[in-house]
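Chain by chain, the residues run as shown.
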Amino acid sequence: MTAAAAYPAGTIRRRSRLRALAAFLRRYARRRDGMLGAVILVFFGAIALAPDLLVGPLETVVTATGARLAPPTAAFPLGTDHVGRDVLNLTVHGARVSMIIGLLATLITVFIGAVVGVVSGFVGGRVDGVLMRITDFFLVLPTFVLALILTPIIQDLVGSSSREILGIRMTLVVIIIVIGITSWSSTARIIRGQTLSLRERAFVDRARVIGAGPGHIMVTHILPNVLNLIVANAVLVFAGAVLTETTLSFVGLGDPFQPSWGQLLDAARKNGAPGLLAWWDFVPPGLCIVLVVFAFTLVGGALDDLLNPRRRARS
Amino acid sequence: MRGSYVLRRLGVAGATIVAIVLFNFVLFRLMPGSPERILLRGIPNVSAERVEAIRDRWGLNDPVLPIVIDDAGVRFAADNQFFKYVTATAQGDFGLSFVARGQEVRDVLGQHLWPTLLLFGLGEVVAIILGLALGAYSGWRRGGPIDHIGNGVSLFLYATPYFLLGMMLLLVGAAIGLPTFGMLTAGASYPNIFARLGDLSAHLFLPLATVSLGLVGQYAIVMRSSIVETLSEDYVTTARAMGLRDGRILRAHALPNALLPTVSLIAINLGYVIAGAVTVEVVYNWPGLGTLTVEALGARDYPVLQGVFLLLSITVVLANLGADLVYGLLDPRVRT
Chain A
1 MTAAAAYPAG TIRRRSRLRA LAAFLRRYAR RRDGMLGAVI LVFFGAIALA
51 PDLLVGPLET VVTATGARLA PPTAAFPLGT DHVGRDVLNL TVHGARVSMI
101 IGLLATLITV FIGAVVGVVS GFVGGRVDGV LMRITDFFLV LPTFVLALIL
151 TPIIQDLVGS SSREILGIRM TLVVIIIVIG ITSWSSTARI IRGQTLSLRE
201 RAFVDRARVI GAGPGHIMVT HILPNVLNLI VANAVLVFAG AVLTETTLSF
251 VGLGDPFQPS WGQLLDAARK NGAPGLLAWW DFVPPGLCIV LVVFAFTLVG
301 GALDDLLNPR RRARS
Chain B
316 MRGSYVLRRL GVAGATIVAI VLFNFVLFRL MPGSPERILL RGIPNVSAER
366 VEAIRDRWGL NDPVLPIVID DAGVRFAADN QFFKYVTATA QGDFGLSFVA
416 RGQEVRDVLG QHLWPTLLLF GLGEVVAIIL GLALGAYSGW RRGGPIDHIG
466 NGVSLFLYAT PYFLLGMMLL LVGAAIGLPT FGMLTAGASY PNIFARLGDL
516 SAHLFLPLAT VSLGLVGQYA IVMRSSIVET LSEDYVTTAR AMGLRDGRIL
566 RAHALPNALL PTVSLIAINL GYVIAGAVTV EVVYNWPGLG TLTVEALGAR
616 DYPVLQGVFL LLSITVVLAN LGADLVYGLL DPRVRT
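Top to bottom, those sequences are chains A and B. Once you know that position 34 of the first sequence is 34 in our numbering, the rest is easy, because the numbers rise by one and skip nothing. Add 315 to a position in the second sequence, counting from 1, and you land on the number used in our numbering.
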């Protein structure tokens, strides 16, 4: 490491990486669908960063000021819910909850998937066999059904305390972990495939010849070369994580004290908003979910076209 | 189809089912609270004898695993919880339900299975027909107006959770006076079977529309890209060079080959369809497995949840097995 830092090649490499990144961004900017998705995501990302600045603190049953289930007015542009909370306030705060859960669940998913994929592909042999059988099991299993039964069990094990980790309530921490441990299998498969072909390349042989151990090769030679795939995959995983969280919250596993968009939809359904024609109670959070997932799919598709070596060769 | 291909697929499916059953066993040991309390929660005023009977039936006084390691060393225990669990599971004995006030879980699952099969069976049929037709047409007329609209709508539908679609349709349905609750009008009596069927169809309309719309997008997307890919194959060029008509090229050459990836998608999708089932049924209070699951989740009815988990995951494994075998029959290239 110290030798690399002293050597000027390090700065050269860094500069060429920056240039490659700039070239990639230029190519990405030409994709209209990708740019549309990116704009939508930046919009929701900005909202998620500072909901308090935009609409004030999260309204609760106690601090609700509006009439019950009232249609949109000047004071409440998106109407009120069944206890008189401002739907705009709830939706903006919901962005933060949904995006944070999606982000953390994606990080866990991609981390497990990348580790399993790289180790399985690089080490090979019996390790590969065992890891791929486990991966197959998770690929075949309907992971949502698994998440559906794991979540309440772990929530009960943890207990219904009001403890928080990093400002996230335990109920939601459990959801994040469950999504993470149930949805890594396709990532692992993709990364393993790429690792298998990288392993045979000359630069890996060279590193091995000059005495690099397997751990070192995996971290400094394989990992940077599968990073492209990891990023492209992570965007699609994010979309799936938001959908899974929404669905788990909708069936009542969310946390009413930190409402995500899915939790808002659950509350709206339980109080019969659609049947009462109170569209303002569920269309705003619902539309946000659709837009975010749609945007992630667009960005993921564009990144996949640009970064995935197999696709790049075809187009 | 070669025997080894079939055998290997069967082996993988069998191993997965064994793993699911083992997994279920481990999950049950993880649950908080004593097992007999969970198993008996549906029944009020439980006597000590009843508790003892339950503990005996589920072997809760026996060691957990067949191999016991204690002060006396390692020995084999023929009476153990694991063997009893496997025997009971094989017989479809999942214990007693809490939400159904002490009924056998097996019977509760049976009652809720038919509405789900009706709704999702019909939904799949409608979605497959519409999705494949839409996908084939827009792939064939690539770049045309139907292709553009269809693609946008498909992507949007793909991003919409089933239950959200359901809530939107329910809103529309409620506005125009369609029934939105349950499978039949509560407390209604029918002069004949046709009146009953009519009421059922009226109640079925909105949930069925939701399920079909939710599925159509993905089938159309896959069918479209599959057709586009097939059209660039050499045999299609050959067919064109031979002077065959467009319609004949599509029907005789492109369609059969483009259908292949769609077959596996439909089977693989079954898992997601189930996820959708859970939520669409809840929106319309359709009395199927989805509504049952959500009730069980709310009441932490673990025996029911376990039954649902086993039933659904094994169904999905079998569907995947079926897809693999059909795929092997249709495409000689994968029979290795």
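Just so you know, these hints were derived from the structure itself, not from any lab. Hints may contain errors.
Examples of chain A residues toward chain B, derived with CB under 8 Å [said to hold, decoys possible]:
id, residue
1, PHE138
2, PRO142
3, ILE153
4, GLY193
5, LEU196
6, SER197
7, LEU198
8, PHE250
9, PHE257
10, LEU265
11, ASN271
12, PHE282
Between beta-carbon pairs, the in silico distance windows are [what the hints assert, rightly or not]:
id, chain 1, residue 1, chain 2, residue 2, range
13, A, ARG27, B, SER547, 17 to 27 Å
14, B, PHE398, A, GLY45, 50 to 60 Å
15, B, GLY458, A, ARG27, 18 to 28 Å
16, A, PRO77, B, ALA490, 42 to 52 Å
17, A, PRO77, B, GLY562, 49 to 59 Å
18, B, TRP429, A, VAL83, 54 to 64 Å
19, B, ILE444, A, ILE165, 46 to 56 Å
20, B, THR404, A, VAL83, 40 to 50 Å
21, A, ALA75, B, HIS463, 47 to 57 Å
22, B, PRO381, A, VAL123, 44 to 54 Å
Pulled from the structure, derived: some chain B residues nowhere near chain A, Cβ distances all over 10 Å [to be verified]:
id, residue
23, ILE335
24, ILE508
25, VAL609
Note that CB positions come from ideal geometry on N, CA and C, so glycine has one too.
Status of each hint after checking the structure:
1. PHE138: 10 Å, violated
2. PRO142: Result: holds, 3 Å to nearest chain B Cβ.
3. ILE153: Hint on A/ILE153: holds, closest Cβ of chain B at ~6 Å, below 8 Å.
4. GLY193: Nearest chain B Cβ about 17 Å off; hint violated.
5. LEU196: 18 Å, violated
6. SER197: 20 Å, violated
7. LEU198: 25 Å, violated
8. PHE250: The hint holds - A/PHE250 has a Cβ within 8 Å of chain B, the shortest such distance being about 6 Å.
9. PHE257: 17 Å, violated
10. LEU265: Constraint on A/LEU265 satisfied, holds at 7 Å.
11. ASN271: Cβ of A/ASN271 sits 12 Å from chain B, so the hint is violated.
12. PHE282: 5 Å, holds
13. A/ARG27 x B/SER547: 17 to 27 Å: This hint holds: roughly 24 Å between Cβ atoms.
14. B/PHE398 x A/GLY45: 50 to 60 Å: 54 Å, holds
15. B/GLY458 x A/ARG27: 18 to 28 Å: 23 Å, holds
16. A/PRO77 x B/ALA490: 42 to 52 Å: 22 Å Cβ-Cβ, so the 42 to 52 Å window is violated.
17. A/PRO77 x B/GLY562: 49 to 59 Å: 53 Å, holds
18. B/TRP429 x A/VAL83: 54 to 64 Å: 38 Å, violated
19. B/ILE444 x A/ILE165: 46 to 56 Å: Holds - the Cβ-Cβ distance for B/ILE444 and A/ILE165, about 49 Å, lies within 46 to 56 Å.
20. B/THR404 x A/VAL83: 40 to 50 Å: 44 Å, holds
21. A/ALA75 x B/HIS463: 47 to 57 Å: 41 Å, violated
22. B/PRO381 x A/VAL123: 44 to 54 Å: With Cβ atoms ~33 Å apart, the hint is violated.
23. ILE335: 7 Å, violated
24. ILE508: Consistent with the label, B/ILE508 stays out of reach of chain A, its closest Cβ about 29 Å off (over 10 Å).
25. VAL609: At about 5 Å from chain A, B/VAL609 fails to clear the 10 Å cut-off, so the statement is violated.
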